[in-house]
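Asker: Residues per chain, in single letters:
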Amino acid sequence: MTGSEALLAAALVVPLVGAALIVAAGRRPNLRDGIGIATAAVLAVVVIALVRDVLAGARPRLVLVEMLPNLSLAFSAEPLGATFALVASVLWLVTAIYAIGYMRGHHEHHQTRFYAFFAVSLSATMGVALSANVITLFTFYEALTLCTYPLVTHHGTDEAKRAGRVYFGVLLGTSIGLQLPAIAAIYVLTGGLDFAPGGILAGHVSPAAVAVLFVMFIFGIGKAALMPVHRWLPAAMVAPTPVSALLHAVAVVKAGVFAVVKVTVFVFGIDLLRSSGSSGWLIYVAGFTILAASTIALFQDNLKRRLAYSTISQLSYIVIGAAMLHPLALQGASLHIVAHAIAKITLFFAAGAILVAADKTRVSELDGIGRRMPWTMGAFAIGSLSMVGLPPTAGFVSKWFLLQGAVASGQVVVIAVLVAATLLNAAYFLPIVYAAFFRPLPDGAAQHGEAPLASVGALVLTSALTVAMFFFPELPLALARAFVAEGQ
Amino acid sequence: MNRFAILRVVAKLLIPAIMLFALYVQFHGDFGPGGGFQAGVIFASAFILYALLFGVVTARKVAPPRLINTTLALGVLVYAGTGFAALLRGGQYLDYSVLAHDAVHGQHLGISLIEFGVFMTVSSAMITIFFVFAGQDVDEGQD
Amino acid sequence: MMLLPGLFNYWLVVVLMMIGFYVVIAQGNLVKKLFGLNIFQVAVFVFYISMGKIEDGTAPILVDGEPVYTNPLPSVLILTAIVVGIATLALGLALAVRIRNAFGTMEEDEIDAAEADPS
Amino acid sequence: MITPHLPILEVVLPLVSAPICLILRSAVVAWWMAVALTWAAFAGALMLLGEVLNAGPITYALGGWAAPWGIEYRIDLLSAFVLVTVTAIGSLAILFARAPVAREIPADRVYLFYVMYLLSFTGLLGIAVTGDAFNLFVFLEITSLSAYVLISLGSDRRALTAAFRYLIMGTIGATFYIIGVGMMYMMTGTLNMADLAARLPGVLHLRTIDMALAFITVGLSLKLAVFPLHFWLPNAYTHAPSAVSVFLAATSTKIAAYALIRIIYTVFGGPAVFAPMPIDEMLLGFGMLSMIAASLVAMFQDNMKRLLAYSSISQIGYMVVGLSLGNVEGLAASIVHIFNHAMMKALLFMAVGCVFYRVGSVRLADIAGFARRMPITGAALLVGGFSLIGTPLSIGFVTKWFLLEGALEKGWWPVAAIVILSGLLALVYVWRIVEAAYFRAPAPAVEGIREAPAIMLAPLLILAAINIFFGIDGTLTGDLSIAAAQALVGTSP
Amino acid sequence: MAVTALALARVRNLFAVVMMSGIFSLTAAALYVVQDAVDVAFTEAAVGAGIATVLGLATLAVTRSEAEKKVRAVAFGPLLLVIVTGAALIYGTLDMPDYGDPAAPIHGHVAPRYLADSEKETGVPNVVTSVLASYRGYDTLGETTVILTAACGVLMLLGRNRRQKRNAPTRDSAA
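Protein chains in written order, with the working numbering: chain H, 1 to 488; chain G, 1001 to 1143; chain V, 2001 to 2119; chain R, 3001 to 3493; chain W, 4001 to 4175.
Hints in this document: simulated from the structure, not taken from any laboratory.
Among the clues, some could well be false.
Unchecked claim - Computed Cβ-Cβ distance ranges for the label pairs, DEER-style:
#1 W:L4081 to R:K3410: 30 to 36 Å
#2 G:H1105 to R:T3003: 27 to 33 Å
#3 R:G3411 to H:A38: 33 to 39 Å
#4 R:K3410 to H:A416: 42 to 48 Å
#5 R:G3285 to H:L64: 37 to 43 Å
As the list claims (entries may be wrong) - Covered by chain W, per the in silico footprint, the following chain R stretches (three or more residues, Cβ under 8 Å):
#6 3056 to 3065
#7 3143 to 3152
These figures come from a predicted structure and were not determined experimentally.
We put the beta carbon where it would ideally sit given N, CA and C, even for glycine.
Could you put together the complete structure from these sequences and hints?
Answerer: Structure representation (structure tokens):
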């Protein structure tokens, strides 16, 4: 086992070990939380080292076990997966810090269970990011659904359970109902499921079959929240905020779009899709999702729900990037995975901080809150800018590439959608910022300050990252380029 | 019960005869129709007749259920044991040919043994089943 | 019956089987069901024995000078099957007695009614 | 001396142990004896499997008479595989059985319970190894008769009627089977399976043979509880004592599936037989109906055992569909599902048995929230549940994968769709249990209960480990069943 | 026979049902004799007409039931099923060899060896016995086990000392 293979294995195992330790230390909160942070830190270091290796050209590969004849659980690291793993692990570290402040500040119950499942979810995310074939991807994708279910229903209320059922039903229903048969079909058609540059389907199937399989995959990957299989995401907002922040802004949803991009590029292959023309519809579906979700977001008063719909719309940016089948657009998609993650997590952190400090969940209650919580709302403003896609934030970088891709491939529709979406984004984010800073506080507003230090520190950090990515986009950009180069 | 007196006397004569006939059937099975199973049934019917006339409780004294249970099990064991004996003497399971010096003799011995096993099990099974059924009334009456 | 030609014998057996089968599935009394089952099985036994019969044959007990014997194998099989049948019957009757003790009836519909009402 | 006679010892040792227990009349001795015998049988089955893998099928002529005249034991890969499955379940279920049996069966009958258990076990083994169509019937009846008795021992009086109905249906099934065997015998003059296989092609065009196959199929389907013939099963599994549910649910229908595969593929020579008769389409149709209809019914059950019983019918549908596909993948799915379903159902019924042992009820409302008090049982239930759904890394996935492969290989999309749909329905009913176990406020009966005793947990954990292990690494079972399926399909002309 | 069977199907008195069954078995036994299966006839007479009847009567005595309680109309569902099954069987018979045909395949393969060699090999002139006990001795072992099973089962279900159990309140496991 070479060094990078060891890192690959470590990325999967570290969170699991962490989870076990968290359970073991369950009776001593300080130790437990310390272990949580330590695990996250170790994972971040491991993944960063892995990313370095990947950038240096290493492509570690690890076969865990052969599940069935010719069907194995195998892992490998390539630039896109590395990007995703990097985002998830670094943001987990930040979230771990944030969560301590949030969970203690909010007096949540069953914290041990919460942290343990959180760690397990991360392991599953790593499995998705580093999977070497479709079946591994599918397996960890399902595992991610399963181990986030207890997090979604954490509060145990009837509402939470109802939401949990939607969450579960949509995600498992689509994946078992559509994705699994598509995978089986591909296996029967090609005799293998390993991701390969240029795709594995070329030469094996008729264009009609390609079209059918592509539809099954796209909607089978419910985590990408493409309309009409987006319902689970707003439902999942009943979860505690760290869950919404890391899992439903980063890990789970990105696992979805990541899977879409990965399958598009490494299973179907750009050339095959381009020549068979069976992916053109996706641009329209994704475009529709962007606009429709943005419009719905506009009318949401619950802050987290607004963020959720914003996520749905932003995810489709990534899907549309993949659907354009153009190198620049693919780079944009890859970058947007990063950009959206750090910005959206900032926003969720801010929403959580508001809940903890001011006990407010509605947009209409936020007048003047920026004076009480300047750091939080400042970070929120930066995150909003990134969502809209304005400089100097990360969102600008990725959108720029998407736009370039659209122009280069002559997709007028995409350009129009992007422009319209920018306006819509601005319309539902900037008023919040405006109200927070420039409206007066309502009379008799409760006295409160900032959220706990851990929480505020975390959201400041992520907002700083958002800005940093604008000025120093080298790392994600290098990964994106390497990915596109490999995908050809 | 006096009105059964004649019956009882006749039965007392008949029952040994039936048992004897059972044994005849048992051993004549090689040459004519019959064998362990039929013999077992006939033997059991002798007991059943006895039980019908003298009552299950008396019959149980003659053939205690515990004893019947044992013979019930022993019959199968005799049968299966014959098979093991064949194994021990180097043959296949239930290969009677190895049981004696020459094959035909062995077969004969084996067949007799297993027929005896069948006889034991069948007769005790039939007796058991009948006693249990007929005993229902008696047992309930004791409640 | 021997004199009847061809397949008639089998057809008769089929009719018997079906009468038994009908009693099993259509009748409500448990004891009657069991005896219907018995008829069904006996009919099957007759079917086996019929197929073993050979014209002008004689019972397969070897004697000098008798050239044609009836096929012994069906007899053997049916001997076994009869035993299995009586075993099943005994067990079924035992169950019927227990059911009667537990439910106070041996009619299927009354049992169904008693089951639906869990008191 | 033992090795060459292993095939027969495998069956006869449990057989003789039953009467020995009967004579000794001691519950303790009987239990220990049953444990020793089942585990020995398990070891023997593993040895046999190894031998078959090394040296090909084993035959054993009983009484030293050569095949068509005497009765022959014939162990090929499929038999050995089924043997391992049955003995594994038998040896684990007996460990589990002691505590619940001591509670549910009157003390003076406990030794008889083990006698019955051993007899039933013997019958199952006998079916798995026999190479003679009529001998199969005899052992089928040993199993069935003891199963009727075992089921009737349930604490609810409905157990009696369930057993009675099973007796009627089972006997009809067995009678149909011998009608079919009689017809085959009539046209070929032999009862030995291999011999039949050699002689049947010559008479395959005859209507008598068509009907023979039809009657055997219907008869075995009754034992198998395929959809319209399933009525005996839910009550039987629901009202039987816990240990019996575990044992029978995991083995009896599986052995019927084995017998059906054996008859269709070995005796009738596989897919070729489907040509003149629409048996495969009918099986396929009824299998799919089983999968869907039973799942739909299962969704609305409040009694966990009944829910699992209906789920069994649905899972039996998988096996039937698999074998009716007529290709290697489909058949392999059936074979591997014999193992997989045995393992998962044993696990689930054991977990439910543990719950019943502590809570005294198996209704979802009464057991709500038990998993917090009985974390190990709860986790085991979860593992079994995932297997039922067929999520990846569970053994259920292995089956489903093969089945999908088999269906898609033939281009039968609707079949694949039904398989998937059934998995989704399974998700619904499994999730009802999971929700009740974990996410509901504890019911009053659940307050203050403890985890089940160690002797019940041990087999439970072993089964859970099997469920996970063979789900993650399905190559062993997968390769075996593919090899077995190839051997079976390959025998067709 | 058919008459007896039909009578059994129609009669409501259970006592008569059991008796009919006995008569049916006796007729069957007679038929076996005609068909040269004397061993089977013997057994059927002993078992079907003897044991089964006795057991049936014992059951009736124990349960104190005499007649079915209801008159049933002919049930059409089962009737249809029966007719279909019967038709299938008749259809199956169409390709069968004629009754008693010496050329039937059944007489050609396995059986002749028994007839030819069994005396030489086993020394038993009754071929049925030699086949039963030796060639297919294993079946008979199974059969004996079946009887054992049934006896144990009956013991378990109805044996003595069941009173404690019956008097104990039957706990409704499902309720």
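Asker: Next step is simple, just say for each hint if it's right about the structure.
Answerer: We went through each hint and held it up to the structure:
Checked against the given bound of 30 to 36 Å, the beta carbons of L4081 (chain W) and K3410 (chain R), roughly 32 Å apart, stay inside it. For H1105 (chain G) paired with T3003 (chain R), a C-beta distance near 29 Å keeps the hint of 27 to 33 Å intact. A hinted range of 33 to 39 Å is violated for the C-beta pair G3411 (chain R) and A38 (chain H), which are about 54 Å apart. In this structure the hint that K3410 (chain R) and A416 (chain H) lie 42 to 48 Å apart at CB holds, the actual value being about 46 Å.
For G3285 (chain R) and L64 (chain H), the hinted distance range of 37 to 43 Å is satisfied, since their beta carbons lie about 40 Å from each other. Only residues whose C-beta sits within less than 8 Å of a C-beta in chain W count toward coverage, and the stretch 3056 to 3065 of chain R has 3 of them, enough to reach three; the restraint holds. A stretch counts as covered by a chain when three or more of its residues have a beta carbon under 8 Å from one of that chain; for the stretch 3143 to 3152 of chain R and chain W the count is 5, and the coverage holds.
The earlier numbered hint that this structure contradicts is number 3, and it is the only one.
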